[in-house]
Amino acid sequence: MSSSAAPSSGSGQPRSYIEVDRVAKRYRAQHSTPVDAIREVNLSIDKGEFVSIVGPSGCGKSTLLKIIGRLTAPSSGSITYYDGGAPIERPRIGMVFQDAVLLPWRTVMDNVMLPVEVAGVDMEVGRQRALDLLALVGLAGFGDKYPHELSGGMQQRASISRALVTDPGLLLMDEPFGALDALTREHMGLELQRIWSESRKTVIFVTHSISEAVFLSDRVIVMSDRPSTISMDVRIDLPRPRTFEMMATPQFGTQVTEIRNKLLAKTEF
Amino acid sequence: MTKTPAGSRLARLATDPGNILSLVCFVALMTVWELGTRYGYVAAYLLPPPSEIVAQMARDLTSPVVQRDIFTTISEILIGLALGAMLGISLGAAIALFPLVEKVVWPYIVTMQTIPKIAVAPLIIIWAGFGIQSKILIVMMICFFPILVNAVAGFKGTDSRQILLMQIIGANAWQTFVKVRLPQAVPFLIAGFRIAVVLSVIGAVVGEFLGATHGVGSLIIRRQAEMKVSGVFSAVFILSMVGLTLNFAVKLAARKYAFWAETSNQLNT
Numbered sequence: 002m003s004s005s006a007a008p009s010s011g012s013g014q015p016r017s018y019i020e021v022d023r024v025a026k027r028y029r030a031q032h033s034t035p036v037d038a039i040r041e042v043n044l045s046i047d048k049g050e051f052v053s054i055v056g057p058s059g060c061g062k063s064t065l066l067k068i069i070g071r072l073t074a075p076s077s078g079s080i081t082y083y084d085g086g087a088p089i090e091r092p093r094i095g096m097v098f099q100d101a102v103l104l105p106w107r108t109v110m111d112n113v114m115l116p117v118e119v120a121g122v123d124m125e126v127g128r129q130r131a132l133d134l135l136a137l138v139g140l141a142g143f144g145d146k147y148p149h150e151l152s153g154g155m156q157q158r159a160s161i162s163r164a165l166v167t168d169p170g171l172l173l174m175d176e177p178f179g180a181l182d183a184l185t186r187e188h189m190g191l192e193l194q195r196i197w198s199e200s201r202k203t204v205i206f207v208t209h210s211i212s213e214a215v216f217l218s219d220r221v222i223v224m225s226d227r228p229s230t231i232s233m234d235v236r237i238d239l240p241r242p243r244t245f246e247m248m249a250t251p252q253f254g255t256q257v258t259e260i261r262n263k264l265l266a267k268t269e270f
Numbered sequence: 012m013t014k015t016p017a018g019s020r021l022a023r024l025a026t027d028p029g030n031i032l033s034l035v036c037f038v039a040l041m042t043v044w045e046l047g048t049r050y051g052y053v054a055a056y057l058l059p060p061p062s063e064i065v066a067q068m069a070r071d072l073t074s075p076v077v078q079r080d081i082f083t084t085i086s087e088i089l090i091g092l093a094l095g096a097m098l099g100i101s102l103g104a105a106i107a108l109f110p111l112v113e114k115v116v117w118p119y120i121v122t123m124q125t126i127p128k129i130a131v132a133p134l135i136i137i138w139a140g141f142g143i144q145s146k147i148l149i150v151m152m153i154c155f156f157p158i159l160v161n162a163v164a165g166f167k168g169t170d171s172r173q174i175l176l177m178q179i180i181g182a183n184a185w186q187t188f189v190k191v192r193l194p195q196a197v198p199f200l201i202a203g204f205r206i207a208v209v210l211s212v213i214g215a216v217v218g219e220f221l222g223a224t225h226g227v228g229s230l231i232i233r234r235q236a237e238m239k240v241s242g243v244f245s246a247v248f249i250l251s252m253v254g255l256t257l258n259f260a261v262k263l264a265a266r267k268y269a270f271w272a273e274t275s276n277q278l279n280t
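Top to bottom, those sequences are chains A and B. Sequential numbering of the first sequence, starting at 2, is according to our numbering. Sequential numbering of the second sequence, starting at 12, is according to our numbering.
FYI, nobody ran anything at the bench for these hints, they're computed from the structure. Among these hints, one or two may not hold up.
[Claimed, not checked] Facing chain B, according to a computed beta carbon distance under 8 Å, are these residues of chain A, among others:
#, residue
1, VAL36
2, GLY70
3, LEU72
4, GLY78
5, LEU104
6, PRO105
7, ALA120
[Said to hold, decoys possible] Far from chain A by the CB rule (all over 12 Å, computed), these chain B residues:
#, residue
8, LEU89
9, GLN124
10, ARG234
11, LYS262
12, TRP271
Nothing here was measured: the structure is a model prediction, and the numbers come from that model. Quick reminder that beta carbons are idealized off the backbone N, C-alpha and C, glycines included.
Sequences are here, hints too, so could you generate the full structure?
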């Protein structure tokens, strides 16, 4: 059920969608010793996979996410995207942050349309897609509202629509439900599963919540404390669609406990 | 017609105890002033009664000569304000976005800010003559600083997550400027305009005091020479009307373009 991450640099092996090869990140501080955020990470992610990353605070989860999205350069190592075994350009990326990061001077609809405007693709097609996505996340009819008129959960749904509007190949989610209350959070998890099962995007999901990770993912990656590596790579075999009732089953509990023990063993409090 | 909300608003204004008291005070003051001058407690050639000032204003507003003065002053204000704003906003953006520009230019800005701009006005009359150009330059110079300082604050105040978002959706520097940095700075620019509008009237009038053939400021000087006190009062109230109108225009702009910002609450009062 679990295995430690193996380097995927064998020549004859089929390439996954995303290959993270010996990635390390060192931050240079001006007047002190450099800080190693990530020591070495090797990771293969398949197309359409839902992968969660959990780990102690400050272990470099968000940094790894940004490196994968090519928003930050690694100090060493490489990120390569493959399609059918051949390397390709970085696919279009959608990103969801802890806060919705909606532009307050734009309506919900105009916020969702922002990536379409920037990409310069057909505005009419984009508008239709934005309407469909707003309906998909349960915000049909809210397009003309301004962000401050929506609750935190609704804002976050709008930001998920925005992330999906240009039909990206990869969805990066950096603790997207971290700012929501517990009840909204569970509900959003269920919603995200539904959205994912309809869109079948490759998703990398950073979270602090082990049960949220197990609930949503095909795979959970556990990162160690700084300088971090991958200390555990667990496949979650629970049947889909997953329900709140499933969270009460022994199977679910076993996987959560296994991950929690690994995290506790490595973390100093 | 939207008669109901306007009517109810008027009703609310008319029944507010503060407003009623304010009106009572105004009427009392005018009565004392009117009676005091009419019955000779104050010499009428020093302080004419309000009724005479109102009559003078009515004559002024229909007189082609005074209309030309008003038109001249308004032109000086609007052109100077527009030039000062263009210069202030573009230099402010450059200072906020390019550290090198900030390093080179900022010491000069700080030094020049300590100079009372009005003190330089006589020089500008020498350089640019008695025509409208010198007043435009004075208004421009006096409006430039508050707009610049607010523009720098506005363009620097961009949320780094919004910039990251633009980076993720593949926006170039120009798109990021137009879609995030500029709208984000608008409430600050409006705050700068609020100060600039008040200063622009002062700048135009002082410029005209120093030497001009037309304008409300020169009208005041002409009437001062004739000891026509009611005419001076009339000109002063006309200037006050110009200032109020400009202030109202800025308020409208704030309501339209800065409604989403917290600072706009202060702007709307």
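Results of checking the hints against the structure:
1. VAL36: Result: violated, 20 Å to nearest chain B Cβ.
2. GLY70: Hint on A:GLY70: holds, closest Cβ of chain B at ~7 Å, below 8 Å.
3. LEU72: holds (6 Å)
4. GLY78: Violated. Min distance 21 Å.
5. LEU104: holds (7 Å)
6. PRO105: Given a least distance of 4 Å, the restraint on A:PRO105 holds.
7. ALA120: Result: holds, 6 Å to nearest chain B Cβ.
8. LEU89: Since the minimum Cβ distance to chain A is about 26 Å, B:LEU89 lies beyond 12 Å and the statement holds.
9. GLN124: Check passes; 30 Å lies beyond 12 Å.
10. ARG234: holds (47 Å)
11. LYS262: holds (18 Å)
12. TRP271: violated (4 Å)
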